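> Please dock the two separately framed chains into a single complex, following the hints provided.
In order, the protein sequence lines correspond to chains A and B. Numbering-wise, my numbering comes out as the position in the first sequence, counting from 1, plus 114. Numbering-wise, my numbering comes out as the position in the second sequence, counting from 1, plus 189.
To be clear, the hints were calculated from the coordinates, so they are not data collected in a lab. Be aware that one or more of the hints could be misleading.
What the hints assert, rightly or not - Example chain B residues on the side facing chain A (calculated, C-beta under 7 Å, incomplete):
| hint | residue |
| --- | --- |
| 1 | 436 |
| 2 | 447 |
| 3 | 464 |
| 4 | 467 |
What the hints assert, rightly or not - Just a sample of chain B residues kept apart from chain A, beta carbon distances all over 12 Å, derived:
| hint | residue |
| --- | --- |
| 5 | 259 |
| 6 | 348 |
| 7 | 381 |
| 8 | 392 |
| 9 | 435 |
| 10 | 439 |
| 11 | 440 |
| 12 | 441 |
| 13 | 444 |
| 14 | 452 |
| 15 | 471 |
| 16 | 496 |
Claimed, not checked - Taking CB as the label site, the calculated pair distances span:
| hint | chain 1 | residue 1 | chain 2 | residue 2 | range |
| --- | --- | --- | --- | --- | --- |
| 17 | B | 285 | A | 213 | 34 to 40 Å |
| 18 | A | 178 | B | 382 | 34 to 40 Å |
| 19 | A | 178 | B | 256 | 56 to 62 Å |
| 20 | A | 122 | B | 257 | 51 to 57 Å |
| 21 | A | 131 | B | 385 | 45 to 51 Å |
| 22 | A | 337 | B | 257 | 57 to 63 Å |
Bear in mind the structure is a predicted one, so any value in this text is a computation, not a measurement. The beta-carbon is built from N, C-alpha and C at its ideal position, and this holds for glycine as well.
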Amino acid sequence: MIYDWLIAPFAEFEFMRRALAGVLALALGAGPIGVFLMLRRMSLVGDAMAHAILPGAAIGFLLSGLNLFAMAGGGLIAGFVVALTAGLIARSTELKEDASLAAFFLISLAVGVTIISMAGTNIDLLHVLFGTVLALDNETLLLIAVNSTVTLVGLALIYRPLVLECVDPGFLRSVSRAGGPAHIAFMALVVLNLVSGFHALGTLLAVGIMMLPAVAARFWARDITAMVFIAAGIGTTSGFAGLLLSYHTGAPSGPAVILVAGAIYAGSVLFGRVGGLVWNLFPGRHLEA
Amino acid sequence: MLARFAIAALAVFASFGVAAAQDGGKVKVVASFSIIADVVRHVGGERVAVTSLVAPNADAHVFSPAPADARIVGEADLIVVNGLGFEGWLDRLVKASGSKAPVVIATRGIKAIKTEEDHGHGHKHGHGHQHGHKHGHKKSSKHDHDHGPSDPHAWQSVRNVMVYATNVRDALIAADPDGKDAYEANARAYLGDLEALDREVRDAIAKIPEDARRVVTNHDAFAYFAAEYGLQFMAVHGLASEAQASAKDVARIIAQVRKHKIRAVFLENISDERQVRRIAKETGARIGGTLYSDALTGRDGPAPTYIDMIRHNLRTLQSALMS
Chain A
115 MIYDWLIAPF
125 AEFEFMRRAL
135 AGVLALALGA
145 GPIGVFLMLR
155 RMSLVGDAMA
165 HAILPGAAIG
175 FLLSGLNLFA
185 MAGGGLIAGF
195 VVALTAGLIA
205 RSTELKEDAS
215 LAAFFLISLA
225 VGVTIISMAG
235 TNIDLLHVLF
245 GTVLALDNET
255 LLLIAVNSTV
265 TLVGLALIYR
275 PLVLECVDPG
285 FLRSVSRAGG
295 PAHIAFMALV
305 VLNLVSGFHA
315 LGTLLAVGIM
325 MLPAVAARFW
335 ARDITAMVFI
345 AAGIGTTSGF
355 AGLLLSYHTG
365 APSGPAVILV
375 AGAIYAGSVL
385 FGRVGGLVWN
395 LFPGRHLEA
Chain B
190 MLARFAIAAL
200 AVFASFGVAA
210 AQDGGKVKVV
220 ASFSIIADVV
230 RHVGGERVAV
240 TSLVAPNADA
250 HVFSPAPADA
260 RIVGEADLIV
270 VNGLGFEGWL
280 DRLVKASGSK
290 APVVIATRGI
300 KAIKTEEDHG
310 HGHKHGHGHQ
320 HGHKHGHKKS
330 SKHDHDHGPS
340 DPHAWQSVRN
350 VMVYATNVRD
360 ALIAADPDGK
370 DAYEANARAY
380 LGDLEALDRE
390 VRDAIAKIPE
400 DARRVVTNHD
410 AFAYFAAEYG
420 LQFMAVHGLA
430 SEAQASAKDV
440 ARIIAQVRKH
450 KIRAVFLENI
460 SDERQVRRIA
470 KETGARIGGT
480 LYSDALTGRD
490 GPAPTYIDMI
500 RHNLRTLQSA
510 LMS
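Just chain B, with the same shape it has in the complex (with noise of 0.2 Å):
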């Protein structure tokens, strides 16, 4: 009996980082945030457990993380994050765990966009400069602590979802080989529901007047979403959440709703909502609603996936602007 455990265990250290160290039959995965763990649910079904290392509805741009966050961390088989320097936490907290399990970067393969300065204070205004620059992350997880060059909110875009799809299921065949087939077939199914949804978005913008297609935001969260849908995007404060407003800033966003006579202003579900407020009544523009950036609600929210969240920051975005 303990022979039998003995060379059990022996078999599992031996294979680490590559086949499961299964409890329960499921794979343990962690995901960074939770727009990640969701995309990770869909694919990999009931052969994994899915755990997010922050919250629905919590900001990871300001996320510390606690010892059972290390203990969770532990004891994965896969952590699957998303790179671009989003999670500039995570290095630290992997070492700390001892995990030794592969870290599998979401964004692979996504034309990142760039960011003209560190933490631009808004400077962006949606269209953002895309050059053609693959992201070779390396297979390390070494990667910028703070927001580096690139901005990392590329799953406000469907069609990089989609990639995000193709990684966690290549990722999650090379930790669990015997789910290949069930990975397979989850992956088919999500990538056609996205692959609607990429439709359904392309479909509404379309019928939003182009004059109208102007909107201001907490922080500059939604460059993807512009670029691949054709909105523009002015943000209060820059890529981080935590970015301190200056009073140029607000002023040259008040000129600009002004200017272009821009109909509504949107509040995030993870950030404050005094300035964006401000602006509002200064402008007289309408608050448009809540458009969910960094993070899904939890179960009973408007955005409990990230298929939902889309879908509501879509009709939000309609029906403020067509109005």
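The shape of chain A in the complex, shown without the other chains (with noise of 0.2 Å):
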């Protein structure tokens, strides 16, 4: 019964066996990544992010097809030029990261949306809004693997000043000039993990993976290396049991993976042991138990 639940889709079909593979990877890179992003109160430059990228894989469609590098390069080419730019502006003028962004990704998507009209080509490109998670071939996989590796190895080189700036950036400063590299670096980082999330669930649904389970992480740890952690876990939980509602219940796959994200996030909110709602209510009763 529960290897029927559980077991037996993954052992019978192998696209269910690569979507888990796909959203597994992507959900312990980009898990991490939510956390800091959250942390430095930039939850909806994902988002913004989100949509720089897309003129870019948009481009990259248009110009060769469903091809995976060229879309890929896209969306990387236009995410780090608008996350550069934005970084630069916002360090060197009065203007905040998140106003200079802002602006950055809406002339991105204008750039990109004149370009897809003028080629004046419309095929399918709702499929390239949404990825295709059932459908993940070699490369895609991959490209996925690749990018949560990178993600990873590159989080635990820039751990320190990133966590510092978090924390107390004004020290940071005065101790180290390794906070502007370490923040470039960071939002790299970000732009490969939207890119990855892009095949896998498509663009909204990439950064729903990004940023729900960190958002759940924050209402069960108060130290950042375990809410990075529980963060990763969310993530992949809510792959897992995503992947098996839409197999089960006939739901498109990337938002039941999302909806599970939102379902867990629900459940932080209120029974999180860090400032989670009940916690927050009724302090005296658990505090006995």
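Here's what the structure looks like:
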């Protein structure tokens, strides 16, 4: 019974195994990234960056069809350009980073939409918008795996300056000049993860698997390291449960994954050990237990 | 001179919707997408200038009109659409363009295949339920904005396109009575060609062994072909090409392919092929080629006209299912 529900779909169908591998790899990389975005008060930046990536990917698609490398390359270039210029402007002018990002992603989006319309085709671009987690081929899986590996290694390298900048940017600036480069490297990792998420789940849902586990993890730990692990755990759990939900109920697979993550978030808001509503309302009773 | 012009202009305004405001002697017809445009071109011949709103190789399900399209519609003498809810964007476009041209629904009088659910995720297995339900579409262009309860892909049956041709002929005669003889002659010739095509399809399908008449496609566009000619189609996506597949759908199709030992899966010209390729890899079925469902190709492609499209699909099916 339990085997039928939890294991059989993956044992029987290769596309389910591939989908699982893709979603798990994605969640491992994206969860930690989401934690840092949240701590830096950049939770919505993921959404903006996803829009900035989209036109690049669409241009790649128009130039060479459904070519993974053209689309991923276009997305990466567009994302890097927006993240870099926004970061540079934020650091050299009065404008805050989110404000300059807002400006740049809107420009990027407008450029993309214009190019698509001028090219005059409207092949089903919705499939570009919403990735196909059920049709991951070898190249896409490899891309996701490489991206996640690079993300985790990269995060390990810039972990100290990144954490310091989250907690006390003034102190970091007084002892080291690593803040700026670390931030830019971090934004590059954000872009990288969105690009791989875009191939597995689609742009909008890529942001979901990045942010929802992270904000849910906030209710379970105060320590950043713990939060990172919990976020990765929630992400992988949602991936697994979401695919099963899609398999058993017929819900579209990408949204199913994000809905499970959303349900975990809702549960965390209510019952989370750190600042969850129930614990805030009835502290005494829970302390007794 | 001026007076004469004014009178001529008055005459044109007075007879809007009936007589054609002719430009360069040609009736300006706007067709919603490439297949309708092809039928109009054949029936209208020299007397009409046809524009297709959705370009060849593009997907009418996700079409979004540009201002230039509104101008084209605004200048049209006659608008021909498929109907059955296929062109959900058309009402707003016609309204926005201020066009007063009559909107002709090409599927009028066709037995529509009912779908079991809106945007069905490919639950239909080709033989579709054929209720004898006449679709008495009113002359107004008010129809469902999305795929309603009827499957709009009626042109996949050649018999239905013969109805399209008759509807287009009558509409052209109403819009341009002077051309009556020409339209009738063109329509007669075209109907003859379609009749021959219909026979050709029946003969070819009859040669395919019965247990091999099962195919998998990307979106559910071939129910009419299936019902008319006795093939079974299974689709990954529902009627609308933009609907997202669920793991359940994909698993069901893979199980079906394995169970019935289906030999070939087919791609379509307008949509994403990754899902179908994945299914082929997983089941060992071959990629049978590309079927043209909702759009013709450009002049240089394998399906520049409707008749070419059906022939191409037929040859593709034959070579994949007979080998």
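> Decide, holds or violated, for the assertion that all CB atoms of chain A are farther than 12 Å from the CB of residue 471 of chain B.
Answer for residue 471 of chain B: violated, closest chain A Cβ roughly 5 Å.
> Using the nearest Cβ pair, does residue 436 of chain B come within less than 7 Å of chain A?
Status holds, d = 4 Å.
> Against chain A, does residue 444 of chain B keep a CB gap of more than 12 Å to every residue?
violated (8 Å)
> Say whether it holds or is violated: residue 381 of chain B keeps its Cβ farther than 12 Å from all Cβ of chain A.
holds (35 Å)
> Confirm or reject the statement that residue 496 of chain B sits farther than 12 Å, beta carbon to beta carbon, from all of chain A.
Residue 496 of chain B is indeed farther than 12 Å from all Cβ atoms of chain A, at 24 Å.
> Take the C-beta atom of residue 122 of chain A and the C-beta atom of residue 257 of chain B, compute their distance, and say whether it sits inside 51 to 57 Å.
holds (53 Å)
> Would you assess whether residue 348 of chain B, listed as outside the interface, keeps its beta-carbon beyond 12 Å of every beta-carbon in chain A?
holds (29 Å)
> Find the nearest Cβ of chain A to the Cβ of residue 435 of chain B and say whether that gap is larger than 12 Å.
It is violated; residue 435 of chain B is separated from chain A by about 5 Å at its closest Cβ, not greater than 12 Å.
> Taking the closest Cβ pair, is residue 447 of chain B under 7 Å from chain A?
violated (10 Å)
> Does the no-contact call for residue 259 of chain B survive, Cβ to all of chain A over 12 Å?
holds (14 Å)
> Please settle this one: residue 440 of chain B was flagged as non-interface, so is its CB more than 12 Å from every CB on chain A?
violated (5 Å)
> Honestly, do residue 337 of chain A and residue 257 of chain B meet the 57 to 63 Å range at C-beta?
holds (58 Å)
Hint compliance for this structure: hints 2, 9, 10, 11, 12, 13, 15 and 19 are broken, all remaining hints hold.
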